[in-house]
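Enquirer: Top to bottom, those sequences are chains A and B.
Quick note: the UniProt record's numbering has the first sequence finishing at residue 370, numbered continuously throughout.
Quick note: the UniProt record's numbering has the second sequence finishing at residue 370, numbered continuously throughout.
Please keep in mind that the hints were generated in silico from the structure rather than gathered at the bench.
Even glycine gets a Cβ: it sits at the ideal position worked out from N, Cα and C.
Hints are supplied without guarantee of correctness; some may be wrong.
As the list claims (entries may be wrong) - Okay, derived cross-link-like pairs now, BS3-like style, lysine-lysine, Cα gap no bigger than 30 Å in a straight line:
id, chain 1, residue 1, chain 2, residue 2
1, A, K259, A, K326
2, A, K208, A, K141
3, A, K105, A, K149
4, B, K265, A, K87
5, A, K87, B, K208
6, B, K87, A, K259
7, B, K87, A, K327
8, B, K149, B, K259
9, A, K326, A, K265
10, A, K13, A, K208
11, B, K105, A, K87
12, A, K326, B, K141
13, B, K87, A, K87
14, B, K141, A, K87
15, A, K265, B, K105
16, A, K87, B, K327
17, B, K87, A, K269
18, A, K327, A, K269
19, B, K327, B, K265
20, B, K259, B, K208
As the list claims (entries may be wrong) - Negatives, chain B to chain A, calculated, CB over 10 Å:
id, residue
21, K13
22, A14
23, N66
24, D76
25, T80
26, Y86
27, E143
28, R156
29, L160
30, Q171
31, E196
32, R286
33, D328
Number of protein chains: 2
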Amino acid sequence: MNERLARTIAAIKASGADWGLFTSPDGVAYSTGHIVSIEAGPSPFAGGPSLAIIGTDGQCGLVVTNLEGGTPSWADRIVTYEGFSYKDPTDVFANYRTAAAEMAKELGIGGVIAIDEQSFPLSLLPLVERFSRVSVEPAFKRERAIKSKTEIVLLREAALTASAGQRAFLQAARAGRSELEIFADVRLAMESRIGERLPVTGDLISGKERTSAFMGWPGNRRIATGDPLICDLAPRVQGYWGDSCASAMIGTPSPGFLKLYSAAKSALKLAIETVRPGVVIGALDRSLQDHIHRHGYSYAHHSGHSIGTGVHEWPRLVAYERETLKKDMVIMVEPTALDPDIGGVRLEFMLHVTDDGCEILTDFAHQPGI
Amino acid sequence: MNERLARTIAAIKASGADWGLFTSPDGVAYSTGHIVSIEAGPSPFAGGPSLAIIGTDGQCGLVVTNLEGGTPSWADRIVTYEGFSYKDPTDVFANYRTAAAEMAKELGIGGVIAIDEQSFPLSLLPLVERFSRVSVEPAFKRERAIKSKTEIVLLREAALTASAGQRAFLQAARAGRSELEIFADVRLAMESRIGERLPVTGDLISGKERTSAFMGWPGNRRIATGDPLICDLAPRVQGYWGDSCASAMIGTPSPGFLKLYSAAKSALKLAIETVRPGVVIGALDRSLQDHIHRHGYSYAHHSGHSIGTGVHEWPRLVAYERETLKKDMVIMVEPTALDPDIGGVRLEFMLHVTDDGCEILTDFAHQPGI
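Starting from the given sequences, assemble the full structure and let the hints guide the process.
Expert: What follows is the structure in structure tokens.
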């Protein structure tokens, strides 16, 4: 049995349920391997809502539009419904509900039903209203936190794609170009590596003010010599997110920027040396925050997060997190140093927690000469 | 009162309800003016789920994350809830439900409640379960079909943005470049015009096989002399979608391609001459299908669709549609001519239905020399 399906079943059982129904894009992707299209948001051509129904006996059912019927997944039953069409009148939404009911009946769901509470639509209530229901989320997030071998392969690919974007960023960031012009080169490098359009989130910001506010998408601002830049790239590749952050200064970096960069870089080094199974996550966050504060800079951010079919997964690297790191977690570590007089530096690598330390999955280098 | 709010209220009343609750991205955007972020799908930084509660007395309430509290809308009450945070433990989903319940209580909703049935989450059922409920969709789609003056301004801007992308397409499409390379230039032209990242859907396909299958996103395929190309661009600008389609052949167009192009071009001309209030939409679709068939080509597509905060809105230009065109509808017309031995041509303009004809909102020209 697919390991993610097995972990989904473990989460359904840990929730005290017999069946699990999943409706969120990342929940469907995790439990069935069917990658839900999200690049341009809800789109008539990207497929309608999908539904995964998982039984604790290993049955894995998937409901998708006819447009998506041939896409890969490990579902052993697929019911498709008519999505985009033009020849005869059709009601996509009614088709979805009918197909979902058909799948529920075919599989014979019953007992206690675990649902993806945050995304479960009221329209599917008739499928589950005569059964008792529980939220699968508390158990599901724990199962998802430990990645399988296949997931590590997929996350490495996403990390290498983000890294290709970061190399393009260091090449493309030149005085006179706009943030959007640089971002077009960066995005093209990532998309050409995979050969398709990719959902991409993150930041591309320049100048003292924008980088010390630390978050934002690219605009028409033109880069000048002496500008600090932050490029945070999170592409989704084959359903799995990569993430990364690089910072740079155009031209010869100022002494103030070098100090700022050095604080973030040494914090990242500290994190890489610290990460291993058993480390309390809140303590790791506090040690990075303290490190930056000792250098005299502020740090208005978390220190990172887990990553998988969701871009931010549990556990996040925040001061109040009491969970410990475990083998085969994949985490982002992203120390930030901010100084309103200079700007911001954020450096972020993707780390795979191994038996006795960590492996860096991203493979881009820092700005040459820093 | 804002005209879209007034139309939303008209739809709630026509549904036989006293209050309306909206949860879909386009429903929230239409009813409150709050533009829901969708570019990279659900994102921890792009805001959580939102909710609009509209009373037939004109009250307009909006529930969004703290990240979005300052974004424009015409809501007279806004309740924000904590979304992304790192200092103290928070449950974004519980925050959303609490904020939604607070808003419902503040406004004093009651009587009959109209809901956005396709997207309404089960988690908000406690807000409405003691009231009777109806679906707002049948009335809402009719109200939304007639655009206000402000909406025409927004749609014109989206059409001009799509047109800037189409001009970039004709410039960027050269032998030796990949579809993704061309698309990067096209996207940059649209995004630079607006100064921000834009959700973009559509197609960019090349070669006989891909264009005669007529749909698809760009990949690494390299363009060769003699290749037909289709570029369909739908950017979302300030919450309103633009749409457009151009076709081209690299190098000197072949006689076969010129004939194919001419069939689609004359069909588009026929549509522009035909469109006026009172025309039965199904008859328009059939006349365009017939026109293409008389030229000896196939046409496996609808003839167009309405457009607004949703990229495909009702009414669509399909053979079974008995609705007539009305003043201030904004429709896409997109005749297609396909020949498996040559490829495909699709030409699409955005038309605003006026008192006695139509105005073309897009402003790009056909491939020079065709």
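Enquirer: Would you mind marking each hint as holding or not holding in the structure?
Expert: Now the hints, each set against the structure:
no.	hint	in the structure
1	K259/A to K326/A	33 Å, violated
2	K208/A to K141/A	38 Å, violated
3	K105/A to K149/A	34 Å, violated
4	K265/B to K87/A	23 Å, holds
5	K87/A to K208/B	25 Å, holds
6	K87/B to K259/A	26 Å, holds
7	K87/B to K327/A	26 Å, holds
8	K149/B to K259/B	39 Å, violated
9	K326/A to K265/A	24 Å, holds
10	K13/A to K208/A	51 Å, violated
11	K105/B to K87/A	45 Å, violated
12	K326/A to K141/B	51 Å, violated
13	K87/B to K87/A	54 Å, violated
14	K141/B to K87/A	21 Å, holds
15	K265/A to K105/B	50 Å, violated
16	K87/A to K327/B	26 Å, holds
17	K87/B to K269/A	23 Å, holds
18	K327/A to K269/A	20 Å, holds
19	K327/B to K265/B	24 Å, holds
20	K259/B to K208/B	15 Å, holds
21	K13	22 Å, holds
22	A14	19 Å, holds
23	N66	13 Å, holds
24	D76	26 Å, holds
25	T80	17 Å, holds
26	Y86	4 Å, violated
27	E143	18 Å, holds
28	R156	21 Å, holds
29	L160	17 Å, holds
30	Q171	15 Å, holds
31	E196	6 Å, violated
32	R286	12 Å, holds
33	D328	23 Å, holds
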